[in-house]
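One line per chain: the protein sequences are A and B, in this order. When you line the first sequence up against UniProt numbering, it's residues 1 to 420, in that order. When you line the second sequence up against UniProt numbering, it's residues 1 to 420, in that order.
Take the hints with a grain of salt, since some may be wrong.
Since the list gives no way to pick one copy over another, a pair counts as held whenever it fits inside one copy or between any two copies.
Unchecked claim - Straight-line Cα separation of at most 16 Å, EDC-like style, residue types lysine to aspartate or glutamate; simulated pairs:
no.	residue 1	residue 2
1	Lys414	Asp66
2	Lys414	Glu83
3	Lys239	Glu381
4	Lys58	Asp329
5	Lys216	Glu375
6	Lys239	Asp415
7	Lys84	Asp329
8	Lys58	Asp184
9	Lys84	Glu94
10	Lys216	Glu185
11	Lys216	Asp242
12	Lys58	Glu213
13	Lys414	Glu57
14	Lys205	Glu310
15	Lys414	Asp372
Keep in mind the hints are simulated off the structure, nothing from the lab.
Number of protein chains: 2
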Amino acid sequence: MSAIQACAEAARTAARQLALFPNSVRSEALRRIAQAVREASGTLLAANREDVRLSEEKGRPAAFLDRLRLTPERIEQMAAGMEKVASLPDPLGETIAEWTRPNGLRIRQVRVPIGVIGFIYESRATVTCDAAALCLKSGNAVILRGGSESLGSNLVLADIFERELPAAGLPAASVQLLRSGSRDEVLELCACGGLVDVIIPRGGKGLVSTVVEHAKMPVLKHMDGICHTYVDETADFAKAIDIADDAKTQRPGVCNAMETLLVHRNIAADFLPRMAARLAARGVEIRACAESLPLMPGSLPATEEDWRTEYEDLILSVKTVGSLQEAIDHINRYGSHHSDAIITENAEHADAFQRGVDSACVYHNCSTRFSDGEEYGFGAEIGIGTDKLHARGPMGLRELTSYQYRVTGSGQVKDPARLA
Amino acid sequence: MSAIQACAEAARTAARQLALFPNSVRSEALRRIAQAVREASGTLLAANREDVRLSEEKGRPAAFLDRLRLTPERIEQMAAGMEKVASLPDPLGETIAEWTRPNGLRIRQVRVPIGVIGFIYESRATVTCDAAALCLKSGNAVILRGGSESLGSNLVLADIFERELPAAGLPAASVQLLRSGSRDEVLELCACGGLVDVIIPRGGKGLVSTVVEHAKMPVLKHMDGICHTYVDETADFAKAIDIADDAKTQRPGVCNAMETLLVHRNIAADFLPRMAARLAARGVEIRACAESLPLMPGSLPATEEDWRTEYEDLILSVKTVGSLQEAIDHINRYGSHHSDAIITENAEHADAFQRGVDSACVYHNCSTRFSDGEEYGFGAEIGIGTDKLHARGPMGLRELTSYQYRVTGSGQVKDPARLA
């Protein structure tokens with residue numbers, strides 16, 4: 001048995017125990033861990049400085065180093081975030097539905113933990129704490145595999161989990177960190193079918209593809225974030241310009257940022273020059289279709305490939321369409337089923353767009369940047385899903401649960417006549 | 001592009017259209033198909049006679065031939081079953097949850113179809129109609145791959161779908177049947193990631209394993225049905241004997257039949273001889289643990305392997321346990337997380353058992369044979385799931401749906417300060 005299989009076996013056992021603890025114990029453990037993280041601030045900062053130094057030596061880009069770096073403020077945020085998750089309502093034990101059958105059987109559908117979650121994520125120690133908090137609060141054991149560049153910081157956190165969980169009365173294997181930092185860990189974790197109930201991969205497309213290719217268990221994921229904003233012919237221009245600006249430039253590197261702007265032909269000549277001026281002021285490079293090109297000074301011609309591209313940068317593709325239906329068809333064809341918006345003052349158009357676009361989150365008159373567990377009021381999120389099974393869109397505590405049918409009878413059998 | 005990829009592409013297009021039709025159109029199409037099946041009774045019976053003849057030549061067992069065989073009564077049941085599904089409430093469009101955020105965003109979580117379903121199943125033409133009805137009613141396009149022995153009967157049904165769907169105004173590719181009957185079809189369907197949203201495999205363990213191994217999309221399935229009945233020390237013996245009899249002998253070949261009986265040590269000497277007498281009268285072979293063996297005349301000694309075996313036959317393994325916890329641990333270790341029951345007059349024991357057993361359906365004082373969509377009141381079922389993601393236990397119309405977030409704003413952006 002490999003070290004990772006042994007880890008998965010231990011998680012499986014821990015998960016069965018963890019499922020039976022009340023919310024008070026799970027939440028108290030989280031509060032203990034939060035306090036211990038605060039107290040370990042010095043050790044954590046020192047380990048993180050070494051992580052950052054090694055990544056600098058490797059020539060990692062500034063944005064990467066920024067996500068990797070811990071500060072006293074970020075450590076306080078990590079601890080406070082765990083305390084916030086601890087204070088959220090218990091996601092477990094809820095009776096989702098309950099009914100009685102004509103034969104007297106009472107059927108209850110009750111919310112229970114999923115079991116063992118494998119979480120593979122980027123080099124950010126703050127995510128280690130978020131994930132541990134969400135999984136523990138939802139009664140799941142978790143196997144954490146953070147990016148190898150954050151291993152030093154993560155090991156400090158793993159030591160805290162290992163010490164504080166038993167101190168709070170919970171199995172130490174409720175939260176485990178894979179410690180080798182090697183790529184093989186990901187593949188070995190993917191092979192643990194029957195022990196790990198679900199894998200949630202977060203990070204680059206390459207990583208997510210590898211996990212989908214090899215996982216012997218269900219995967220919750222999103223691959224791309226090719227998000228659209230469609231400016232309808234009835235759009236309020238001021239709203240449209242502000243929303244498109246926010247969706248593109250407020251944080252261009254994230255999955256819910258806009259990559260393509262679609263504009264109804266009837267307003268293109270009025271709207272696009274104004275939009276272009278705002279985008280130019282933000283330093284956005286525009287790749288425009290043949291019709292938009294002359295209306296947007298300084299723009300470059302778009303190719304077919306642009307419609308399929310997630311720039312994750314201050315670059316935007318722009319296309320005019322002849323109808324609402326053409327916008328919907330473009331999004332369903334080229335998009336990634338993540339987050340798309342319509343800007344319109346016509347409620348029927350908004351409705352048709354929301355029904356027609358096959359994406360996890362479909363917005364009317366607001367920015368696609370709202371696709372986020374925090375913004376939905378979930379308190380925190382483990383990720384965003386763009387598949388259709390189990391959970392779609394932002395995933396919080398409830399999306400980390402399953403259900404079980406508990407049926408109560410008084411001697412019922414399937415075929416009473418046979419027994420008479 | 002392979003023929004099956006082309007089929008999946010067509011299903012994808014059909015699914016987008018199908019999702020927008022109202023319940024009345026989808027249900028009317030089902031009623032048309034049901035009537036056409038009735039009218040094609042003669043052709044269907046002739047094709048089925050040929051299917052049965054070929055399977056007899058191959059030496060298929062009597063139970064297989066019985067499932068394969070159509071009769072005028074069964075054809076009427078197929079048609080009536082589709083009409084029944086047509087009359088069920090629309091599973092689509094329901095607002096599952098709705099709330100408003102402090103910034104004024106109104107978030108609605110709305111039930112939508114999954115999209116394209118791949119359904120792989122046994123050689124039973126009746127299942128072809130059930131699956132087509134459930135998928136169409138839930139707004140999903142479906143690619144059907146029935147067992148090759150029922151291909152002749154299925155082709156008659158596929159011709160009906162192909163004719164009646166466009167006649168009802170729906171895309172013909174909403175319901176497609178794979179027609180080659182070759183094994184490669186299964187693997188090619190599994191390769192259609194991105195086009196097929198989920199595969200539901202039904203049948204032998206070999207088939208389900210193959211699908212899990214190769215599928216590039218989520219799979220909804222159960223692999224085994226190793227179901228237990230635990231007779232607690234406080235059990236009512238008459239109830240326990242009737243329930244165990246029903247769970248084992250009413251239809252021993254199905255997945256929710258009992259395979260192992262666990263009995264509390266304190267009642268074993270009283271209970272087991274009475275249970276053995278009933279089981280002997282039903283012709284059940286008993287494989288007993290060392291302690292149960294002398295209490296059950298005519299039983300054989302059980303081996304470790306027996307606790308892991310799904311007999312699907314009139315064979316039962318029997319084990320005494322020293323406590324409720326030992327019963328729970330045995331079930332979680334050897335069971336298949338499908339359906340398990342406790343027989344007890346003690347409500348606290350029932351509660352502890354239902355919380356402790358990690359199975360899709362956990363019963364108190366009734367037979368495990370109730371794990372079935374019809375018995376749960378779902379109207380029909382596409383299968384039973386034992387994994388934790390998306391759907392667990394019997395899967396009906398609702399389990400064939402996903403959801404989408406539809407968010408309405410009035411110009412909200414993520415960072416208003418940046419725009420001011």
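Results for each hint:
1. Within a single copy, Lys414 and Asp66 get their C-alpha atoms no closer than 62 Å, and across copies no closer than 21 Å, so neither meets the 16 Å cut-off.
2. Taking identical chains as interchangeable, the C-alpha atoms of Lys414 and Glu83 are never at most 16 Å apart, the minima being 49 Å within one chain and 25 Å between chains.
3. For the homomeric pair Lys239 and Glu381, neither the shortest alpha-carbon distance inside one copy (28 Å) nor that between copies (47 Å) is at most 16 Å.
4. In the homo-oligomer, the alpha carbons of Lys58 and Asp329 never lie at most 16 Å apart, since the shortest distance is 43 Å inside one protomer and 50 Å across protomers.
5. When the C-alpha separation of Lys216 and Glu375 is checked against a cutoff of 16 Å, the pair qualifies neither within a copy, at 33 Å, nor between copies, at 32 Å.
6. With identical chains, the CA atoms of Lys239 and Asp415 are at most 16 Å apart between copies only, with a shortest distance of 14 Å across copies and 65 Å within one.
7. For the identical chains of this complex, Lys84 and Asp329 are neighbours neither inside a copy (41 Å) nor across copies (35 Å), given an alpha-carbon limit of 16 Å.
8. Neither within a single protomer nor between protomers do Lys58 and Asp184 lie at most 16 Å apart by alpha-carbon distance, with minima of 21 Å and 47 Å respectively.
9. In this assembly of identical chains, Lys84 and Glu94 lie within 16 Å of each other by CA distance neither inside one copy nor across copies; the values are 20 Å within and 32 Å between.
10. Only within a single protomer do Lys216 and Glu185 lie at most 16 Å apart by alpha-carbon distance; the minimum there is 14 Å, versus 21 Å between protomers.
11. Taking CA atoms no more than 16 Å apart as the test, Lys216 paired with Asp242 passes in neither setting, with 44 Å inside one copy and 40 Å between copies.
12. For the homomeric pair Lys58 and Glu213, neither the shortest alpha-carbon distance inside one copy (28 Å) nor that between copies (38 Å) is at most 16 Å.
13. For the identical chains of this complex, Lys414 and Glu57 are neighbours neither inside a copy (69 Å) nor across copies (35 Å), given an alpha-carbon limit of 16 Å.
14. Proximity of Lys205 and Glu310 under a CA criterion of 16 Å is satisfied intra-copy only: 11 Å inside one chain copy versus 41 Å between copies.
15. In this assembly of identical chains, Lys414 and Asp372 lie within 16 Å of each other by CA distance solely across copies; the values are 11 Å between and 47 Å within a copy.
Consistency note: the structure conflicts with the earlier hints numbered 1, 2, 3, 4, 5, 7, 8, 9, 11, 12, 13.
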